[in-house]
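Visitor: One letter stands for each residue in the lines below.
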Amino acid sequence: MMLARVADSLYWLGRHAERAEHMSRLAGVMLNAALDQTDAADHAAHIALAAVGDGPPGDPGDAMDVARILVLDRTNPAAVVSSLASARENARQIREQITTESWERLNFLYLRATGIGAEAAFASDAPDFLQRIIADLHQFKGSAEATMSHGEGWRFMLTGVYIERAQLMARLLKVCFGGETPVDDHVALVGLLRMACALEPYLRAYTADIDARNILEFLMFDEEFPRSIRFSTERIQEYLTHLSSGRELGRHDPQRLAGRLNARLTYANIDEIDVGGAGDLLTAVGAECAAIHAAIYEAFVAYPLEMRLPA
Amino acid sequence: MNRHLSQGISATPHSPIQEASPSHSETAYLPGDAYDEMFAPGGVTRANYQLLDQDIQALGAQALADRQKTLERSFLLQGITFTVYGAGSATERIIPTDLFPRIIPAGEWARIEAGLIQRLKALNLFLADIYGDQRILADGIIPRDLILGSPAYRRQMQHLFVPHQAYVNVCGSDLIRGQDGEFFVLEDNLRVPSGVSYMLANRDAARRTFPHTFREARVRPVERYPDLLLSTLKSMAEGVRPNPQIVVLTPGVYNSAYYEHAYLARLMGVPLVEGRDLTVHDNRVYMRTTAGLRRVDVIYRRVDDDFVDPLTFRRDSSLGVAGLFNAYRAGQVTICNAPGTGVADDKAVYAYVPSIVRYYLDEDAILPNVKTFLCREPAQLSHVLANLDQLVVKAVGASGGYGMLVGPHASAAEREVFAEALKADPANYVAQPTIQLSTAPCLVDGKIEPRHVDLRPFILSGEKVVVTPGALTRVALRRGSLVVNSSQGGGSKDTWVLADAPADAETP
Chain A
1 MMLARVADSL
11 YWLGRHAERA
21 EHMSRLAGVM
31 LNAALDQTDA
41 ADHAAHIALA
51 AVGDGPPGDP
61 GDAMDVARIL
71 VLDRTNPAAV
81 VSSLASAREN
91 ARQIREQITT
101 ESWERLNFLY
111 LRATGIGAEA
121 AFASDAPDFL
131 QRIIADLHQF
141 KGSAEATMSH
151 GEGWRFMLTG
161 VYIERAQLMA
171 RLLKVCFGGE
181 TPVDDHVALV
191 GLLRMACALE
201 PYLRAYTADI
211 DARNILEFLM
221 FDEEFPRSIR
231 FSTERIQEYL
241 THLSSGRELG
251 RHDPQRLAGR
261 LNARLTYANI
271 DEIDVGGAGD
281 LLTAVGAECA
291 AIHAAIYEAF
301 VAYPLEMRLP
311 A
Chain B
1 MNRHLSQGIS
11 ATPHSPIQEA
21 SPSHSETAYL
31 PGDAYDEMFA
41 PGGVTRANYQ
51 LLDQDIQALG
61 AQALADRQKT
71 LERSFLLQGI
81 TFTVYGAGSA
91 TERIIPTDLF
101 PRIIPAGEWA
111 RIEAGLIQRL
121 KALNLFLADI
131 YGDQRILADG
141 IIPRDLILGS
151 PAYRRQMQHL
161 FVPHQAYVNV
171 CGSDLIRGQD
181 GEFFVLEDNL
191 RVPSGVSYML
201 ANRDAARRTF
211 PHTFREARVR
221 PVERYPDLLL
231 STLKSMAEGV
241 RPNPQIVVLT
251 PGVYNSAYYE
261 HAYLARLMGV
271 PLVEGRDLTV
281 HDNRVYMRTT
291 AGLRRVDVIY
301 RRVDDDFVDP
311 LTFRRDSSLG
321 VAGLFNAYRA
331 GQVTICNAPG
341 TGVADDKAVY
351 AYVPSIVRYY
361 LDEDAILPNV
371 KTFLCREPAQ
381 LSHVLANLDQ
391 LVVKAVGASG
401 GYGMLVGPHA
411 SAAEREVFAE
421 ALKADPANYV
431 AQPTIQLSTA
441 PCLVDGKIEP
451 RHVDLRPFIL
461 SGEKVVVTPG
471 ALTRVALRRG
481 SLVVNSSQGG
491 GSKDTWVLAD
501 APADAETP
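So the sequences go chain by chain: A and B.
The numbers in the numbering used here rise by one with no breaks, and the one at position 234 of the first sequence is 234.
The numbers in the numbering used here rise by one with no breaks, and the one at position 190 of the second sequence is 190.
Everything labelled a hint here was simulated from the structure, so no lab data went into it.
Built from N, CA and C at the ideal position, the CB exists for glycine as well.
Accuracy of the hints is not assured; some may be wrong.
[Stated by the list, open to error] Reference excerpt, derived from the structure (chain B facing chain A, CB under 10 Å, subset only):
hint: 1; residue: L59
hint: 2; residue: E72
hint: 3; residue: L76
hint: 4; residue: E92
hint: 5; residue: R93
hint: 6; residue: I95
hint: 7; residue: V253
hint: 8; residue: A262
hint: 9; residue: L272
hint: 10; residue: T279
hint: 11; residue: N283
hint: 12; residue: G292
hint: 13; residue: L293
hint: 14; residue: A379
hint: 15; residue: V406
hint: 16; residue: H409
[What the hints assert, rightly or not] Per the computed footprint, the stretches of chain A lying under chain B, defined by three or more beta-carbons under 8 Å from a beta-carbon of chain B, are:
hint: 17; segment: 76-87
hint: 18; segment: 181-188
hint: 19; segment: 294-308
Based on the provided sequences and hints, a complete structural model is requested.
Guide: Encoded structure:
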C-alpha cells in the first residue's frame, strides 16, 4: 500500500531513467558511426535518428549538431537532459520514498549533465560525456537495487523501466526491420547491436556471425538478455502479478494484458516471421504496452473514488 | 592570512598577536560592540570554544576553505536547496552554511530549556483559554479586541477539543543574545515553524568538519528529533484510534521548505502527502493509495491555516482538503499544529507573554522579552514617533523580515514614510529598541569574521513538552547586518549544546 501519487512518480522515474539511458546510447553510436564517413555509417546515423524521432529522418546534417539536440537541448522533450530532469523531478517529489543513496546518485548525475560545465564537457569529448551518463544511470539503478526495499514502490519503478524498454526496443527494431528494405549491411547491423547494448551478449550467443535474422531473434525473443523485448514483457508480467495480487481490479486488470503480451512473445517462433514482416508484431508490442500503461493508471492511480469508498 | 590563521583567530584589540604585529589589523577578528560568542572582551577565548580554537589553528586557512567547499558540495548533492524562480528558469541554491559551530555551555542551555518549556506551556494554556472560556480577556489582562480582532484568530476553533490542550505541537522560538550576554525571546513561532532539517543537516556536516573537537567536547545529540516528533504526533491521537496513521501534509515540491517536509517524513517513516492525495468522506479523512482509500488519523501539516480547508478558510486554496476542518471538529482527525495558533505569536500579543506566563503559571518568565512598545497605546505611539531613529518598527502581522523599519539604518525619508503609516494604522505596529545581536566567527571569503547570529531552538509539545538540545543558529551574512532571515540573505550554522559545563567559566 502506498500513495497513488507516489506510485505514479516512481513509475515515471523508471521510465525517464530508461529513456535517458537509451537516448545516450543512440547518440553515442551515431557519433561513433559519423567518424567513419562511409555510406554504411550514414545508414547507422539514419537508424538512430529514425528511432528517436517521429517523422522520417531528413538530412542528418552535422552529426555533432544532431547529437547536441538529442542530448543537451532542453527544448527537445526527448533529449537526454530533459529525461534526466524529469526523472530527477519525479524523484524529488517522492524524496522520502527513495533511499538517500539512490537519490544522491541521480541528483549528482542531473547536476553534472545540466550544470555550467556540461556544454564544454560535451563539446570536448562527447562519447566520454555520454559514457559517463550511462555509467551514472547504472550506478543509480545499482544503488536503488542494493538499498531500496524490493516492495511495491520498487515494482512500480521497474514496471516503468521495462515498459519503456520494451517500447523503445520495439521502435528501434521496427525502424530496422519493419519497412520494405530491412537493414542487412554489416556496419549497420553492428551499429544496431551497439544501440541495444547487445553486441557482446550477441557474440557470445551466436558467435561473430552478424546476421539480420539472428539479431532479430536475439533482440525480440531471447530469454536471458535483459534488453530483449521478451525479457521485458516477462518482468512486466511478474511485477504486475505482484502488484495486483489480492486486489479486485475487474476489467482493468493490467496483469491480464501483461500476461497476454508476454505469452505472445514467449510462444512466438522466429521461423514463422519474415524478417521484413516483423513490423506487425513490433507494432502490436508498442500498442499493448500503451494499453498496459493505461490499465495501470486505471487500476492504481486514477481510479474513481466512488468505487473505493467504504460502505 | 595564512600567518594569521596559523596563530588562530585572535580577537582585537587586546590580543597579544595584534600588538606584536599591527599589520595584521586587516585580517584580525574584530568583534565590535556586540557580545561575541567565542571571545570575551579582551580577546580571551571563552572556555566552551577552546577546543574548537585549537582545532582551527591546527587546520589552517587552506584546510578550512577546503572543508567549507566540501560542505557546500555535500548540501547540493543531498538536495538541501531552495529554488529561486527567475526569468524563465528556476535555479536551485543551497542555504549558505557556515562551517564553524556555535557552542553553548550546559549552564546557559539549562536556563534556555527551562525558559522555553515554561513559555510554551503558558502559551498552550493561553490558547486553550482563548478558544475556551476566555478568562484572561474577562479579567482584563489582555485587551479583547487585540485577540478577537486578530487576523490569526479562528472563531471556528472555539470550544473544540484538543488533546492535552496542546494547540502548538511544534514551536521554533527565535532567541537573541543581547550585549550583556543575556538571552531574550524575540519571537514565538507557533504556526508552521521551519528550519529543523537544517539543524540536523548542519550537525551532520559539522561533525565531519571538526571530528576531533566534536568527540572531545561532549556535544549533546540532536538526532532524536524525528522520533520525538513522531511520538509527539502519536500522542495527539490518544483516544481516537490505536496505532494511528500519521502523515506530513506539504504544499508540494515548489514550496521553499519542501526539502524539510520530505526529510521529516522520511525520517519518521510516514507518508508525505499533498492536498490532492487526501479526501474526506463522512467526516473521515482518507489518503488515496494504490490499494484504495486509507484512513488518516494525525496530519502534521506544513501548510498555513488559510490553506488547510477551502470550505472553512480560503476558498481559492488548492493546497488543502475540502471538508478537513469538519472532520477535525468531529474528532475524526487531529491537525498539528492546531489552526488558530497564530493568535498567540502575533507581534502585539508578544508584548503580553510575560503577563500570560504569570497569569497561568503564577511564575515570572525565565526568558525575558525584548522591551516592546505597542503603538496602539497613544502614549507609547508618541514615544515611538519621537524615537524612530533608534527603534525597530515591525508590522504586527508580517514575518520573514518584511514590513519592517530598522530606524538607525533607515534614511530620514524612509522614516518619514513609515511615520505616516504608523499614524494611519497604529494598532498594526509595535516597536523595539535596536538590539545588537551577539556575533560569532564565520568563514567569509576565506577570512574569519564576526557575523550577527540568533538562535532558533525547537520545542515539541504533546503529552509532554521536550526541547531538543540543539538549535538552528541563523547568521546575518552581510557584515554589520542584523537580519538573519533566509529570505533576506541569511545563512545558518550548527549549534552545539555541551553536556557539562567546564567549570562554568563561559562569561569571564
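Visitor: Hint by hint, note whether the structure agrees.
Guide: Hints, one by one, checked against the model:
no.: 1; hint: L59; verdict: violated (26 Å)
no.: 2; hint: E72; verdict: violated (13 Å)
no.: 3; hint: L76; verdict: holds (7 Å)
no.: 4; hint: E92; verdict: holds (9 Å)
no.: 5; hint: R93; verdict: violated (13 Å)
no.: 6; hint: I95; verdict: violated (16 Å)
no.: 7; hint: V253; verdict: holds (5 Å)
no.: 8; hint: A262; verdict: holds (4 Å)
no.: 9; hint: L272; verdict: holds (5 Å)
no.: 10; hint: T279; verdict: holds (6 Å)
no.: 11; hint: N283; verdict: violated (12 Å)
no.: 12; hint: G292; verdict: holds (4 Å)
no.: 13; hint: L293; verdict: holds (5 Å)
no.: 14; hint: A379; verdict: violated (53 Å)
no.: 15; hint: V406; verdict: violated (36 Å)
no.: 16; hint: H409; verdict: violated (36 Å)
no.: 17; hint: 76-87; verdict: violated (count 0)
no.: 18; hint: 181-188; verdict: violated (count 0)
no.: 19; hint: 294-308; verdict: holds (count 5)
In the structure shown, a violation is registered for the earlier hints numbered 1, 2, 5, 6, 11, 14, 15, 16, 17 and 18, in ascending order.
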